[in-house]
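The two chains are supplied separately, each in an independent frame; assemble them into the complex guided by the hints.
In order, the protein sequences belong to chains D and U.
The working numbering puts the first residue of the first sequence at 3, with every later residue one more than the last.
The working numbering puts the first residue of the second sequence at 12, with every later residue one more than the last.
Treat the hints as calculated values from the structure; they're not laboratory data.
Please note that the accuracy of each hint is not assured.
[As the list claims (entries may be wrong)] Distance condition first, Cα-Cα at most 20 Å in a straight line; then the derived SDA-like pairs of lysine to any residue:
(1) U/Lys262 x U/Gly345
(2) U/Lys262 x U/Ala287
(3) D/Lys61 x U/Asn297
(4) D/Lys371 x U/Ser116
(5) D/Lys369 x U/Tyr142
(6) D/Lys169 x D/Ser232
(7) D/Lys169 x U/Ala164
(8) D/Lys61 x U/Gly307
(9) D/Lys169 x U/Gly345
(10) D/Lys184 x D/Ala280
(11) D/Lys169 x U/Asn297
(12) D/Lys369 x U/Asp114
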Amino acid sequence: MKRTVPLLITAIGGFVLIVAYFIPATESWGEVAAIWFDVLASVAFILGGGNLLRVHLQKASDRKPGWGYSVITLLAFILMLFVGLTKWGAPPAVNQEFYGETFAELAPASLPDGLVATVEGRLPQRQDHRWLPASVRVQFSHDPLAGTISFRGWMRPNQRNDLLSYKETLEWRCAVERLYTKSRESSLGGRASYYADHRSLSFRGRMSAEDRDALLKISGDSQWTATVNSIYERSQRVTSVDIPGLPPTLRLPDDLAGAANLDSQRGRLEITGPMTAAQREALGRNWQMFPLARPLDSAHRAALLDELRGLGPITAEQETAFHKTLDGSWTASLLRTTLEEAGKGQEQDKTNCEMFAELQAGITDIKLKKPPGPDVPLTEAHVGIINRFTEGEFEDLVAFVAAMKGAGDFTSRQEDAFWTFVEKNPTVGERDREIAVRLLREGPLNAAQRDRLLSEMRAQVAWRKGVGELFVAAHDVKYPWSGEYRAQGTPFWWLYEYAFKPLTATMFAMLAFYVASAAFRAFRAKNLEATLLLGTAFIILLGRTFAGVWLTAWLPDAVSGLRIEKLTVLIMQVFNTAGSRAIMIGIALGIASTSLKVLLGVDRSYLGSAEE
Amino acid sequence: MKRKELLAACMGLIALGSATAALEAMALQDAATGQVADPPRPASSLTAEDHPLDGGNQIDLRWNLSPDDSYVSAKARKEGAVKAVPHYVVQKSGKGATGPFEDVSRIAPDIWDYQRGSMKLTIEVERGEPYWFRVAAAGPGTSKSEFIQTTEATVAQREWFDGGRGWLALITVVLCGSVVTYIAAARRGMDLKVRKIAGLEAVDEAVGRATEMGRSVLFIPGIQDMNDIQTVAGITILARVARTAAEYDAKVEVPTSRSLVMTTARETVQAAFLAAGRPDAYNEDNIYYVTDEQFGYVAYLSGMMVREKPAACFYMGSFFAESLILAETGNSIGAIQVAGTAQPAQLPFFVAACDYTLIGEEFFAASAYLSGEPEQLGSLKGQDVGKLIVAAGLLIGCCFATLASIVFMTSGNEANVFAAWARFLTDTILQ
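Chain U with its partners taken away, still in its complex shape (with noise of 0.2 Å):
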């Protein structure tokens, strides 16, 4: 029954379409019917306006199109039809409603348009500066018909919000806000519960077989700066292997790449030593610059591994072309090795050449797992709610999609209302 329902309601879905493409169709002319004079009719009721919520360089300009202009469909132009309008011709003047002016824009109309009747265009100007506008309607060859212009001078203004981002500004609230308050909520007492990730339970398993072996701990905190959000959580699991170490009293060893990142990494170890009650065992030379240069980072890391066989090692970070290298190297001397690492193009080598990876997300989510704070588990909470809403706009969107191509193949009108509601969630919401 539900299965009957369903069916129905999307056949009624696709009706729906069919029957608005279907009005749609019958507004729209098709100029290889007939042919129009040369020069064609002008464009009428030219506005400009300040476009609304930017930084005060933009003007909107609004126009009906030229009674002349109508909708030529790719087949047709495939056939040889012509368009009596192949395009406006757009001018701005900044010095004074009688010019001079120029060109700033040669546009032709899209089938949105055609179905509107009139064309919007943004123009970038400066601040606070007043400008005049005419529009044309070209013809076939190098005629045009006569302008139409703007009568008042426009200025744009700075608005106090970027408009433009707004939908991302509610993403961002909606996924800070589940967040936070998933992180209120842990506070209260709200029970939480992770699955167990394999790469962060290895951690304690690692560094114990550095510490039977007598050999050391190789952590590799990426090739980016302290500015990447992929070494500041290598940072953080850095904190966890060193207490480790401290507790196991290993030696842990870290190259890095940048010099903020090994004085970042100093704090985090010296901290961690601190905290596992070991101040004394910190050795601070342990955790040296080698070099900015990705290939010469990468020589020196592959000649230390096989000269000093570390047992353990750690990639968390960002890494590029340098990942399987490291890898392969920290393989062939036997080392257990843990990676994590957000760029999506290095996680298969990862995968094929460590014993554990984190991927993507899991890298992330291990300052919460290792800390078992109940705030930062809320966070991970807070994370679903985000996946929750991107499942929903790849449903949504899929189904938009879908329907839009159905009605299109049924009807052959390729600006139907599917096609527009997928248009507003690509271009509008996700721009």
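Chain D extracted, bound-state conformation (with noise of 0.2 Å):
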């Protein structure tokens, strides 16, 4: 019995897995093996442990020669797990976190009966019998008799696409997006959502009193009611950090003065509930507070040079240097050429419904694009004020932009565009540092110079840094466990790195003396397949070398198959190729014979004994 439960295990096991090779329908099964066995392994592994546990403690028990080498294993065995286990120092996993949200537990069955929307639709066949989406599972429903799809929440644009992707027909797309639409009528604008398999209704951002008040008149229940009003009350904690060094002139601009307050002489940002990754992105890149660098002149750039002059000598290559940098700025065709192919007109996708309605009207050939709109042209006009803000005006870019509205069509994509330009281009404190890096691959540059260029950059990336910090400390950890053992900067990541890899690296690299000592021994031309052997290797040694190359370069192409490196190729590619592939072959039928053996049990010698 002791044998036969394993072979016949191998026995089952190695027949399905064959099956499932051969037969889809049995595709499943195969994998679900190989999770047998990932399973198996798994628990073996703890198995392990304990052997070695066991082996060193007994061994330093013991004193046994070598006890010490036990004892080093045995903390280092210790140390790594309890390090590891613990995820010490590893920030929870983002994927996890929902960064700008809070979250309050609240059951699927208790959403309230308000957040149930419902359009006309049919949930289609599938021939496949495949199930619906994970992640809409709790939440949607459909009633065939009253022919209507359901779905309790707001379904975010993930389950949406989730359903879309269940079935191709116009008419379910068509009936999802409804569906998607309706049930987020009452989601504040998307802020509000619902996570099932999280069991939690979270709010983005900071929950205001109107807010609250339009989510609990969704429904008086008084568990939804305590729901929302926990994440009021949690979404209204105030957070600060201070960051040094900033400018004591700066101001947060009015826009993003309700989302953080910053009291720029204390150096401290502070925020009100959690920071959304869109309220991080506009704090830390503000125009407002480090503006765009605008090309210079020949007037400004020389105002520049000589101020950089007056605090320190620069040299002729510095100043080529200092011309180079600021010729390669952006300039008034740059920001015109871009805004101009952003008003020429664009297809668009036409949605679901758009197509559905398309089929109804018996139109045969449907489009997925809408026909491209009309180009829209910059005008005079607008070409002037694109001039006068390259030439400095317009410190404020909303005015900019107002003012290119007020002088003809200017598109919603060219204002976008607009906006894009803004930010891939250098503000002055990039600029500067640009500037700085030139300057000092040129020549020396003093502390007055170098503060003078990099001064304003030390602003941003502190503020920069302060915003990143502020975004995680106002942030409610939900699931601090969740994160990664190995996360860079944990003291796991740290004896990995910097004990571990080093030590297995020397490991490795002995292997280049083992071979020198190997290579000693079977090249000794002792007999004649030895001198073949020695005579190959020293070919194949010299073609992958500068020096063989060199060595024949003089032959004439009519020979130029005799160069040591084409020779290299030769041997490699003709002769040991036939060699190994001689000896794959050999290996490969060997290994399904033994399979076959274990297979059918003609060979129990692994179980120990061929007998029962």
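Next up, the structure:
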């Protein structure tokens, strides 16, 4: 029995894997068998760890030769196990944390009926009987008799996409689109969400009293009320960070004043509630605090250069580098081209409902895209404003956009293109830093010159770092143990990077010396075969070095095949490949035969004995 | 006489190939001779069928090439000839016959497609869902012909057998069948002989030497887990080594790098000691787990070998970069070393540093060789049938490839009949 059971397991597992390979319907069986092996191997690892402890504890206890190594092994084992299992210092997993959102537990069944959106539609049947996507199973329902589909809660974009991919028919996709739109009507602009798999109600950013009241209006249920109030209270938490080195004159722009408060005298930035990713981006790179660098004309360049010369010497090479750096700046024509391109008519995707309407109208060739709209070219007035902007006017970029709109047609796409342009091009601090780097490549700069060129950038970096710290500090951690145990900066990572990896690399590096000693023995020319081996090895070694190419480069093209690098390729591709393939074929047949013997139980010696 | 006949046969085959090639070449037009209007005329006869014998996720499309599409040789392309139809645009819709359609492929015909005058393309789809397809011939620039479209929806169905693996199944059945047949024949008393394998003969010698010197025998079963067939083969040899050691009263030490290998090795060694009539001599502490980490394992083994100086070292299993470190360390302490692995890259290292090496199939034959049981020896004979089949395939493939090259050199047609057969061999049978 002790032998029969393992034999049976082996045989069944093996045949299942073979069958799963050839019969599509049983493909998943093979995957399940492989998972079972992984489970078994994981459990066996505990066995291995236990054995390791026992063997080395015994060795240390008995003071056997080499017991010191056992003590080191045990200490290292326990240390790594501790820092790895506890995930000491590991930040929570980004994809589990929902940064910028506040969670409060709420069972799916407790979602109020006021949050059930229903539209006309039928759940289509699939021939492969695939289940509904896991992300919507709890919240989605359908009534075949009434011909309606419903969703409880606010459908998220990923849930919509999962439902859309369930079936390709336009009727279904249109129904999903309508359900998505309807379900989000009360989501307060998408800020309120429900995560069924986390059994939690969520709110992005700070919940205002108006937001709370709007949510409380949905239902008077006590559990719902308690959950909404819980999120409201937690999202009123004020978090602050100190940002040293900020200019005292720095002010938050008006449109961000509601999101955060800045006390530039004390260098303190604070926020109420969690900070969303959009808020972090808006705060981190703000054109009002750190303005866009405009192209400098010759007068401005001369002024800046004189200012630098006033602080210390500038060589001729540095002056050339200074001008080259500024020559690489953006130009009015670049901005004009960007806005002209954005003004060209673009094809837009149709919605599924638009396509479904076309289908119902009997259109025979439905297109995925709408025909492009008309081009919106820039006018002379627009070009004039762009030129003024390039020369330094419009410190307020919003005023520039308003001027462009006032001068003629200026589409939202063009406006987006402008803001993208602003984001992609350097701020004054970034430009000055680039100048500093280029000048330092050509010669020295004194401390005053460096401070002049880098002070703006230092403030910018300190600000962004502070915003990042505030983003993390304001976050309400949901799953503190969800992080990666090997996350950078953790003790486990440190031990792995700076203790374990160098040690294993040392072991691996010893291979080079062992290759030399083995080659010395193997290539000793004691008979004809060994001499041939030595000659071949010599050609290969030479062919892989520069010397090999150099030694036979003189050979004429007619006999170029005798050049050592070509001989090397010939030996490796023909003789070596032929030999190794012969071995591979033998190995493949041996594996097939051995596997068959194991599966059929002909060979049981790996179980210790052929006898039962 | 025989040589002349063989020569004549070869020449005849080449002539056949050349004649076929000439006919094929007539069928192929060179686009360099005539430019066509823009856009090209459409393809024709588009059909869509469920891909036979698959998991139900593929549909085969076939269409006749555009009349404006013709073969342009590589030479002509170098001279500046331009294809009138650079590629075909294939679109799919899962929403209905009226679309909307989306691009799924842009594919250019190969020489075999030009020879047939038609193309085949296999598209990945979802099982059981209806799909409509359409194809247009692209012209130079952004122009393209009118689309031709399938009229009916095509649905991919799952079949009971994966036909793409049919040849593999056949080869497996033949190989396994021959192994099983010879095992059965051996059981009926068929006389079987196996050549001597020096590495396996040396097992007794190595264990005996360790006994004489009063030192231990070190057995290393590789660094892979029990799901690797090489580890299984290694454990098989461990059974024999342990039994011999039990008979000689020698100590066998088995440090493993996998927990499951440790438990299996313990079972094996315990059974071997029992079979040798020395259950009392079995000590499970001699078989222990070290670490899963490759170089941590090597570091332990190297240190242990230098400190304890085992008289015999066996390396049987799957090895990687550690092979030479272990074998050279064993060599430096003067141990008799026997290695066996099916890792071709590690074999030269073992050959250079060990006294005996089981190369590839010898390693897998060890179990049959050591047991001497007729049914196990029968499996070796079955392997020989496999070798014959492989040798025949090699010979035929080389002949086809050589003849295809000769025909190409003489007629300039690369799509000749021998190339087609060689292609069938490599792309269909051995895919």
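Hint by hint, here is what the structure shows:
no.	hint	in the structure
1	U/Lys262 x U/Gly345	holds, 18 Å
2	U/Lys262 x U/Ala287	holds, 14 Å
3	D/Lys61 x U/Asn297	holds, 12 Å
4	D/Lys371 x U/Ser116	holds, 19 Å
5	D/Lys369 x U/Tyr142	holds, 16 Å
6	D/Lys169 x D/Ser232	violated, 39 Å
7	D/Lys169 x U/Ala164	holds, 15 Å
8	D/Lys61 x U/Gly307	holds, 18 Å
9	D/Lys169 x U/Gly345	violated, 70 Å
10	D/Lys184 x D/Ala280	violated, 25 Å
11	D/Lys169 x U/Asn297	violated, 61 Å
12	D/Lys369 x U/Asp114	holds, 12 Å
In summary, the structure is inconsistent with hints 6, 9, 10 and 11 from the numbered list given earlier, while agreeing with the others.
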